[in-house]
Amino acid sequence: MTLSTPVTDKPKIPAIDLKQLKFHYRPGGWQLELPELTLHSGQHLFVRGASGSGKTTLLNLLCGITRPVSGELFISGHALHKLSGGARDSLRAKHIGVVFQQLNLIPYLSVLDNTLLSSHFAGQNKAEALSRAEQLLQRLSLQQSLWQQPASELSVGQQQRVAIARALLPRPTLLIADEPTSALDSDNRDAFMRVMLAEADANNCTVVFVSHDKSLQQYFHYQLDMLQLKQGVQPC
Amino acid sequence: MLMKLARLSLWNRRGTVLMTWLSLTISIALLLGIDHLRTEAKNSFTSTVSGTDLIVGARAGQLNLLLYSVFRIGNATANISWPSYQRIIKHPQIAWSIPISLGDSHRGYRVMGTSGEYFQYYRYANSQPLVLKEGTAFSGVFETVLGADVAQKLGYTLGQQIELSHGVGAVSFSQHKDKPFTVVGILARTGTPVDQTVHVSLEAIEAIHLDWQQGAPMPGRQLNAAQALAQDLTPKSITAFMVGLKSRMATFTLQRQINEYKNEPLTAILPGVALAELWQMLGMVENLLLVISLLVLMAALVGMITTLLASMKQRQREMAVLRAAGAHPWYLFVLVQLEVLLVTVVSMLSAAALLFVSLVVLQDKLAADYGLFVGLNIIRLNTLYWAGAIVLLSALLAMVPGVLAYRKTLSDGLTVRL
Numbered sequence: 001m002t003l004s005t006p007v008t009d010k011p012k013i014p015a016i017d018l019k020q021l022k023f024h025y026r027p028g029g030w031q032l033e034l035p036e037l038t039l040h041s042g043q044h045l046f047v048r049g050a051s052g053s054g055k056t057t058l059l060n061l062l063c064g065i066t067r068p069v070s071g072e073l074f075i076s077g078h079a080l081h082k083l084s085g086g087a088r089d090s091l092r093a094k095h096i097g098v099v100f101q102q103l104n105l106i107p108y109l110s111v112l113d114n115t116l117l118s119s120h121f122a123g124q125n126k127a128e129a130l131s132r133a134e135q136l137l138q139r140l141s142l143q144q145s146l147w148q149q150p151a152s153e154l155s156v157g158q159q160q161r162v163a164i165a166r167a168l169l170p171r172p173t174l175l176i177a178d179e180p181t182s183a184l185d186s187d188n189r190d191a192f193m194r195v196m197l198a199e200a201d202a203n204n205c206t207v208v209f210v211s212h213d214k215s216l217q218q219y220f221h222y223q224l225d226m227l228q229l230k231q232g233v234q235p236c
Numbered sequence: 237m238l239m240k241l242a243r244l245s246l247w248n249r250r251g252t253v254l255m256t257w258l259s260l261t262i263s264i265a266l267l268l269g270i271d272h273l274r275t276e277a278k279n280s281f282t283s284t285v286s287g288t289d290l291i292v293g294a295r296a297g298q299l300n301l302l303l304y305s306v307f308r309i310g311n312a313t314a315n316i317s318w319p320s321y322q323r324i325i326k327h328p329q330i331a332w333s334i335p336i337s338l339g340d341s342h343r344g345y346r347v348m349g350t351s352g353e354y355f356q357y358y359r360y361a362n363s364q365p366l367v368l369k370e371g372t373a374f375s376g377v378f379e380t381v382l383g384a385d386v387a388q389k390l391g392y393t394l395g396q397q398i399e400l401s402h403g404v405g406a407v408s409f410s411q412h413k414d415k416p417f418t419v420v421g422i423l424a425r426t427g428t429p430v431d432q433t434v435h436v437s438l439e440a441i442e443a444i445h446l447d448w449q450q451g452a453p454m455p456g457r458q459l460n461a462a463q464a465l466a467q468d469l470t471p472k473s474i475t476a477f478m479v480g481l482k483s484r485m486a487t488f489t490l491q492r493q494i495n496e497y498k499n500e501p502l503t504a505i506l507p508g509v510a511l512a513e514l515w516q517m518l519g520m521v522e523n524l525l526l527v528i529s530l531l532v533l534m535a536a537l538v539g540m541i542t543t544l545l546a547s548m549k550q551r552q553r554e555m556a557v558l559r560a561a562g563a564h565p566w567y568l569f570v571l572v573q574l575e576v577l578l579v580t581v582v583s584m585l586s587a588a589a590l591l592f593v594s595l596v597v598l599q600d601k602l603a604a605d606y607g608l609f610v611g612l613n614i615i616r617l618n619t620l621y622w623a624g625a626i627v628l629l630s631a632l633l634a635m636v637p638g639v640l641a642y643r644k645t646l647s648d649g650l651t652v653r654l
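Read top to bottom, the protein sequences are chains E and W.
Per my numbering: the first sequence = residues 1 to 236.
Per my numbering: the second sequence = residues 237 to 654.
These are calculated hints, taken from the structure and not from any lab test.
The beta-carbon is built from N, C-alpha and C at its ideal position, and this holds for glycine as well.
Do not rely on the hints blindly, as some may be mistaken.
What follows is a set of in silico ranges between Cβ atoms, one per label pair, in the way DEER data are often shown [said to hold, decoys possible]: (1) Gly624/W with Thr38/E: 53 to 63 Å; (2) Gly624/W with Arg194/E: 53 to 63 Å; (3) Lys126/E with Asn362/W: 57 to 67 Å; (4) Ala631/W with Ala87/E: 20 to 30 Å.
Bound-form chain E, shown alone (with noise of 0.2 Å):
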């Protein structure tokens, strides 16, 4: 089994099409308004903004969390705008892998059950779940041993590598990282980054990174502001 499927032609539906997209919390608040936003597949965008910029909420967003109050998002041609709580949720399970800034695990779970959540959810085969999450653990250097042990005993750093294992295991078509390197030392994090979008790379999975740390530009194709977004700049 390959974990990976070679990309021959470009595909025609975005990862990501949002336009007009508005949103806020009580009308007359506090509001995100983002003009346009096109992703394709496999593409690597870097956010950045300062805390207050709505960083968050547009990730809440894109994960099918919140639900825009107008415009339109869609996710893989899914049109995530019309559906509803449940149908999100499932888009989510399926289409979407998120990893946070910490604390990605459930403490009392193996590493191994803690990367099979996601497959769980969306409802996928067990025994091939089961191969496919040994094969990145694996990849992300998780060794055997670590599989049966619960995820709080591991360090920071290998929770964070199991959290997108577990991101990327339903063969997710975007992958949205919330400040996941801010609670790792400065080679960690850049072990962390390589192996992030390498195994992106190999799913052709879209990623949308968000931080406030600039020095982690670098590794991403696109970066845009907060501010350029909401202006309506595209990533080129």
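The hints should help you fit chain W onto chain E, whose structure is shown.
Coordinates of chain W only, in the frame set by chain E:
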């Protein structure tokens, strides 16, 4: 996976979960135990005596008379003289009578002096007669027939010699040592106070007290067994007697006649009525106990929900991770419900085990001290109703943290708010 999550999540919080389990186990055991005792006590009480129309004793309250004559609890205040007994049972309506003479004991078990009619006419439960498992009824003076429990607990067999004690305490300082009795019969188990009784003849009671006066041995006068047999052993008095009538129509007439008996102050009671009154009194107490145990259960359940609510704050991250992996808020709601259900069901099982063990341990003591014969089978239809109610109640209460988990993950999304 859901089950695994619930199980491991509980194991992860095993400290608080253990305490919750403990309090639930105790309170459920309490509830089931009281309900069980209620049912068993009612059965045991009402099946103790059957087929007897009247019980006659010296003037006393009807409960007192019932307790000492049937349940062997407490003591008679006075006796009935033998001539009075002989006169009353000549009444044309009386079909049979069983005399009872109490006041002695054997190693904590009450000794009852009676006549051969006892084995012939005494009925319990659904008009069941007494059956001798081994041996025969007594025919000689120094012969005894043991109840099933007495024989079993003390390990007595036919032919064994036993000594009776004066008074009814478990430890007695005045023994009827000089006149040993031979075990000639052992009764089959009845589940009534009969099992706890040592039966001898009225003549035997008379014989062992020949050289006694005012409840103490007379100094300077000692008769051995053989000498006692040579004496006139007609009883001078008995404690009470049971009466069976030819027609139940005559019950009230005879009761009135006995109550108005001129030569001696006597009381005749209808065992059914007295049992009902006794049950009503106990039933009220037991209803109260049931209400209290229900409240204890509620407190334990609310305690469980409280610890669960407190843990929800710490588990926000866990919930966010599950959401990010694609879990619907419903999934989290069901997870919380399942955790509660797991704790409740495990608690119920351990409560049943606790109750069973307690019953095994306490069964004999309840029977010996309170005349309560409690069966060990705690699984009845009623128990299943209770189990259902407990599960339903806990599920209902678990809605609180469940809904909280549901709503919090909806509003907070993947971020954890402080």
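Handout entry: Ascending list of hint numbers which this structure does not respect
Key = Of the numbered hints, all hold.
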